[in-house]
Every structure is written in C-alpha cells, then in structure tokens.
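Given next are the chains, with one letter for each unit.
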Amino acid sequence: EAGVAQSPRYKIIEKRQSVAFWCNPISGHATLYWYQQILGQGPKLLIQFQNNGVVDDSQLPKDRFSAERLKGVDSTLKIQPAKLEDSAVYLCASSLDLNTEAFFGQGTRLTVV
Amino acid sequence: AQSVTQLGSHVSVSEGALVLLRCNYSSSVPPYLFWYVQYPNQGLQLLLKYTSAATLVKGINGFEAEFKKSETSFHLTKPSAHMSDAAEYFCAVSVAQGAQKLVFGQGTRLTINP
Chain A
1 EAGVAQSPRY KIIEKRQSVA FWCNPISGHA TLYWYQQILG QGPKLLIQFQ NNGVVDDSQL
61 PKDRFSAERL KGVDSTLKIQ PAKLEDSAVY LCASSLDLNT EAFFGQGTRL TVV
Chain B
1 AQSVTQLGSH VSVSEGALVL LRCNYSSSVP PYLFWYVQYP NQGLQLLLKY TSAATLVKGI
61 NGFEAEFKKS ETSFHLTKPS AHMSDAAEYF CAVSVAQGAQ KLVFGQGTRL TINP
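Line order of the protein sequences matches chains A and B. Counting from 1, position 39 in the first sequence corresponds to residue 39 in the working numbering; the numbering is continuous, with no gaps. Counting from 1, position 35 in the second sequence corresponds to residue 35 in the working numbering; the numbering is continuous, with no gaps.
For reference, chain A alone in the conformation it holds in the complex (with noise of 0.2 Å):
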C-alpha cells in the first residue's frame, strides 16, 4: 500500500516569495492533516480536513497560510508571502476517520532566507 506522498521534498525561497506544497493521502482516506514541525519542536496541527471539508483550522494564520483540499483527495498547502519563521518541516498526514490512525508523510522542508 503506498503510504502519503508529499511534494517537493526541500523548497529554499526568498523572504515574501510565494510557495506551495502538495500532498497526495492514502487512498481512501477521508481525513487529511498539515502540520508545521519547527526546529527542535514537535508537530503543530495547521488545518485539518474531512474530505473537502475543514474541520479544523484554528492554528492556521489565515493572513498568509491557505490550503484547500478539492475532491476530497490531494491538498494543497500555500504561503504568500513567507516569512523567515516559516522555516520548517511541513508534514502531511491522512486517517481513514476522525477516529483512527494518522499516517505520515516524510514532509517538505522548507527554508526562508
């Protein structure tokens, strides 16, 4: 079974530049999560979806972070314009519900110079 799928693997942009990651889940999976793992930090949940809906978006500062997740399957994860203290791994993970077992993509690592 493939497991979540997430690309690119490294990004470096510019301070205010505009970037977007792409995640594909596991197939079937209703519930799709973004998380923002700072440097020497645990996991921060940014948004999470049950098929094209948000469930969860209260950690997601809206002024420059958007996702959208059309169809129910793959999503997309956009900054604009990014800041130096977005430099972070920016892991996507899916569940088959609410309910069950996140897996977890190896993540896009991103750097703001």
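In short, the hints are calculated from the structure, not lab data. Predicted model, so just to flag it, every value in this text is computed and none were measured. All residues carry an ideal CB built from backbone N, CA and C; glycine is no exception. Some hints here could point you the wrong way.
Just so you have them, the derived chain B footprint on chain A, three or more residues with Cβ under 8 Å [what the hints assert, rightly or not]:
id	segment
1	17-25
2	64-72
3	99-105
In the BS3-like style, the derived pairs of lysine-lysine whose C-alpha atoms are separated by at most 30 Å in a straight line are [said to hold, decoys possible]:
id	chain 1	residue 1	chain 2	residue 2
4	B	LYS101	A	LYS44
5	A	LYS83	B	LYS101
6	A	LYS78	A	LYS62
7	B	LYS58	A	LYS44
8	B	LYS101	A	LYS62
9	B	LYS101	A	LYS11
10	B	LYS69	A	LYS44
For chain A, the structure is supplied; the task is to place chain B on it using the hints.
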C-alpha cells in the same frame, strides 16, 4: 487546554541498556495519549497509544508505556536498547482516540552508544 512535557530533549543510553523516555501531560478531560517515533528525514510513525482500555500499553519494536493518572505520566520504556532505536520520540495528547487534535511535546532525541 491540553499540553505535554517531555523531560529531557536528549537521552543517551548504551546498546542493551534500559530506555526510559519521560512524558507528563496536562488535560482537563480524560486523555488519549500517544507515542510517535521519527527517524531522520522521515515522517512520524505511531509506536503505541493509550485509549483507557489498559494502563500498560505495548507497542511496536518492543516498546511499552504505562499510564499513571496519579502522576499524570505516560513514560515510554524498552528493556534493551538496539542501535536501530536511535531516533526522535514524541509524546502527544488528544481529546480523541484518533489523530484529531493531537498536541505534541517537543520531542526527545534518543542516541544509542555501541
């Protein structure tokens, strides 16, 4: 609000020695507790979880954890460390048994000395 504190950002043990990674939680409701492992350049993998069925939880790779309500703790142990156990370990708490609303600790990096 829920929170997790992992005592010790780095733990180093010898191969074959006991592994003990400490986790204390704070929760206003009965918690669900999790341990995840993260190998270099990899995503997180679930080691084990406590969902109130039993206080001693056994997970993969020989790890186990014991829920102690009186101490608000959920420490992770393994009787004999293996070189392949070197990784970052995260304790997490949630109000639900699934992955929703997970709140992670800051992580403990485990180093195994030959």
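Hints versus structure:
| no. | hint | verdict |
| --- | --- | --- |
| 1 | 17-25 | violated (count 0) |
| 2 | 64-72 | violated (count 0) |
| 3 | 99-105 | holds (count 7) |
| 4 | LYS101/B to LYS44/A | holds, 10 Å |
| 5 | LYS83/A to LYS101/B | holds, 26 Å |
| 6 | LYS78/A to LYS62/A | holds, 10 Å |
| 7 | LYS58/B to LYS44/A | holds, 26 Å |
| 8 | LYS101/B to LYS62/A | holds, 18 Å |
| 9 | LYS101/B to LYS11/A | holds, 27 Å |
| 10 | LYS69/B to LYS44/A | holds, 25 Å |
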